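**Q** Residues per chain are reported as follows:
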Amino acid sequence: MNVSLRQPWLLLALLASGATLTARASDDARAWLGRMNEALTTRNYDGVFFHVHGGRVETMRIIHRVRDGSVMERLVSLDGSGREFVRTGTELVCYLPDKRTVLVERRPQETTLLGNLPRFDQSTQGFYDLKHVERARLMGRDTRVIAVLPKDGFRYGYRLWIDEATTMPLKTQLCDARGNVIEQIQFANLSLPRDIADAEFRPQVDTEGYKWLRQDARQERVAAGGASIVWRALRLPPGFRLTLRAAQAMPGSEGPVEHLVFSDGLASVSVFVEMSPDGKSPMTGPARVGSSSAFSTTVSGHQVTAVGEVPPETVRFIANSVEADRSGRTGGPAAPPPGLSLGPPPRR
Amino acid sequence: MNEEQRASQLSAMFDGELAAGECELVARRLTRDADLRAEWARYAVIGAALRREPGVRLDLQVAGRVRRAVSTEASYQEADDAAAARPAARQARRWLRPAAGFAAAAVVAGVAVIGLRGRDAALPAAAPLPVVASTAAPAATAAQATVVLGPSAALEPESYVVPVANEPVNFVPPAQLANYVVAHSEVSMPLSRRNLLSALVATEQDDGAPAVDAARATDAVSATDER
Chain A
0 MNVSLRQPWL
10 LLALLASGAT
20 LTARASDDAR
30 AWLGRMNEAL
40 TTRNYDGVFF
50 HVHGGRVETM
60 RIIHRVRDGS
70 VMERLVSLDG
80 SGREFVRTGT
90 ELVCYLPDKR
100 TVLVERRPQE
110 TTLLGNLPRF
120 DQSTQGFYDL
130 KHVERARLMG
140 RDTRVIAVLP
150 KDGFRYGYRL
160 WIDEATTMPL
170 KTQLCDARGN
180 VIEQIQFANL
190 SLPRDIADAE
200 FRPQVDTEGY
210 KWLRQDARQE
220 RVAAGGASIV
230 WRALRLPPGF
240 RLTLRAAQAM
250 PGSEGPVEHL
260 VFSDGLASVS
270 VFVEMSPDGK
280 SPMTGPARVG
290 SSSAFSTTVS
300 GHQVTAVGEV
310 PPETVRFIAN
320 SVEADRSGRT
330 GGPAAPPPGL
340 SLGPPPRR
Chain B
0 MNEEQRASQL
10 SAMFDGELAA
20 GECELVARRL
30 TRDADLRAEW
40 ARYAVIGAAL
50 RREPGVRLDL
60 QVAGRVRRAV
70 STEASYQEAD
80 DAAAARPAAR
90 QARRWLRPAA
100 GFAAAAVVAG
110 VAVIGLRGRD
120 AALPAAAPLP
130 VVASTAAPAA
140 TAAQATVVLG
150 PSAALEPESY
160 VVPVANEPVN
170 FVPPAQLANY
180 VVAHSEVSMP
190 LSRRNLLSAL
200 VATEQDDGAP
210 AVDAARATDA
220 VSATDER
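From first to last, the protein sequence lines are chains A and B.
No gaps in the numbering here: position 257 of the first sequence is 256 in numbering that gives the first Met the number 0, and each next residue is one more.
No gaps in the numbering here: position 99 of the second sequence is 98 in numbering that gives the first Met the number 0, and each next residue is one more.
I should point out that these hints are in silico values taken from the structure, not numbers from a laboratory.
Everything numeric in this text was worked out from a predicted model, so none of it was measured.
Yeah, the Cβ is synthetic: ideal placement off N, Cα and C, and Gly gets one too.
Don't take each hint at face value.
[Stated by the list, open to error] If you only want the chain A side, here are some residues facing chain B, beta carbon under 10 angstroms, derived:
#1 Asp141
#2 Val260
#3 Gly289
#4 Asn319
#5 Ala323
[Claimed, not checked] Derived list of chain B stretches under chain A, where covered just means 3 residues or more per stretch with a C-beta under 8 angstroms from a C-beta of chain A:
#6 174-187
#7 191-200
Full structure from sequences and hints, please.
**A** Listed below in structure tokens is the structure:
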């Protein structure tokens, strides 16, 4: 190229501006990602969306309200199981008509957990390519399309259509490292009312004769006392680090459950450790719930289960590296063994 | 509510113009009312055709999970024939507007295929069905057809294909696993939290779960029953 030979400064300038543009696109995408997560947690909204996974489509409605710092949310299946989840502050109630069961999950404190949510920072950027793709029209509105592409096979990526005016995601796709869409959520309609009446959060399920599963206060105190054994992950997939450790009571579990959270800043994996159940066969091996993966194994008489919206390899890797820390140290995770390779397959 | 009001409510829902509360009512009614489902199917086909949805195509190899998702106890053949007697042009007009998009189209096309059982070739003349019909060859039976979401070439430069059914579909999670997923959702980023909970809400019982998983699920449920 003649220009570059005669005027190398021009080439440099071009390269530099190219790099700046890339960096700007990435920063921009990151900012939109942040705004979107903020909108999802802080705004009032009410919408019907389609959840597509595994060749199946289900219509759902989500209603979300933040009033005086307190969150209420109702998620209801409109055409399938009739299941409903209603979150009120720190309590999540799951109505499962197909099992005639109501499950009550209680969080210790709302604020602690919110402070520990994954954050997309500089180190996260090493494991994903962030792309600000283009603007597109969706549902008759202007959206920004953001692509978050994983650089290896340990995590999933996202493609997001974010409404410019409200920063709400109108359509989201969860994709593997090859770009295959694993799960899609798209709103058919979405409104952002100034306020939402309490009546909207009342479940439609008649719970007459249902079984209620909830942990009692005594159980919570036991959990607050903490477990005697400290658990740790000897190794973690690249980019993941311990972000939260808590002992908690869970409905359906006898003793306290140790809950460890590992995150790369975007994806997160929870590890639950509890005493192996007496007289019942513990869960072992892989499992799936929607697009999330789980893997269970037994370590020192305890059942260890890793769960996360990550590929099956990632939860297997983490579950298999959990061990009881007899020395009392909670040392940092090491890199995966050199033999393990989970690089992305070639793009099609 | 008379037929016309009902029809306009349906198409408003497809156009994303119906309030969420009303959408919920319509969706609930859809699960009960075979006539309404047939209507929905008709709109869907017409809409997909008029919009020439590039993202909608039908995959005949995947089992009919969509069929289950939209509840099919009634005979669509009858309902469809009844619906065919109504003028399609009025309904078609609304569909000239851009509608809800891929997922809607997917649901739509899914229902459409079901609605077309046994009469694939006999679509209304007003709807040329360039996309749906070309792949929903007459050989397609409702039981085998399901929907694949494809990208619109204009929007998606890379190879983003489909929420594929290339893996065993989610089975009923054992109660304990469900508890874990709920607890995990609390520490996930807001977007993932919604995905996780949606998956739990969507999980159905009768979905070809491997025997071992079903057994384990039953085990877990009865175990919690004892408490």
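**Q** Hint by hint, note whether the structure agrees.
**A** Now the hints, each set against the structure:
A distance limit of 10 angstroms between C-beta atoms decides the matter here; for A:Asp141 the minimum to chain B is near 13 angstroms, and the interface restraint is violated. Satisfaction of the interface hint for A:Val260 is found here, the shortest Cβ-Cβ separation to chain B being roughly 5 angstroms, below the 10 angstroms cut-off. This hint holds: A:Gly289 has a C-beta 2 angstroms from the nearest C-beta of chain B, less than the 10 angstroms allowed. About 17 angstroms separates the beta-carbon of A:Asn319 from the nearest beta-carbon of chain B, more than 10 angstroms, and the hint is not met.
Annotation: A:Ala323 was flagged as interfacial toward chain B, and the flag is violated, the nearest CB pair being 20 angstroms apart, outside 10 angstroms. Chain A is given as covering the segment 174-187 of chain B, and this holds because 13 residues of the stretch bring a CB closer than 8 angstroms to a CB of that chain, at least three being needed. Chain A is given as covering the segment 191-200 of chain B, and this holds because 9 residues of the stretch bring a CB closer than 8 angstroms to a CB of that chain, at least three being needed.
Hint compliance for this structure: hints 1, 4, 5 are broken, all remaining hints hold.
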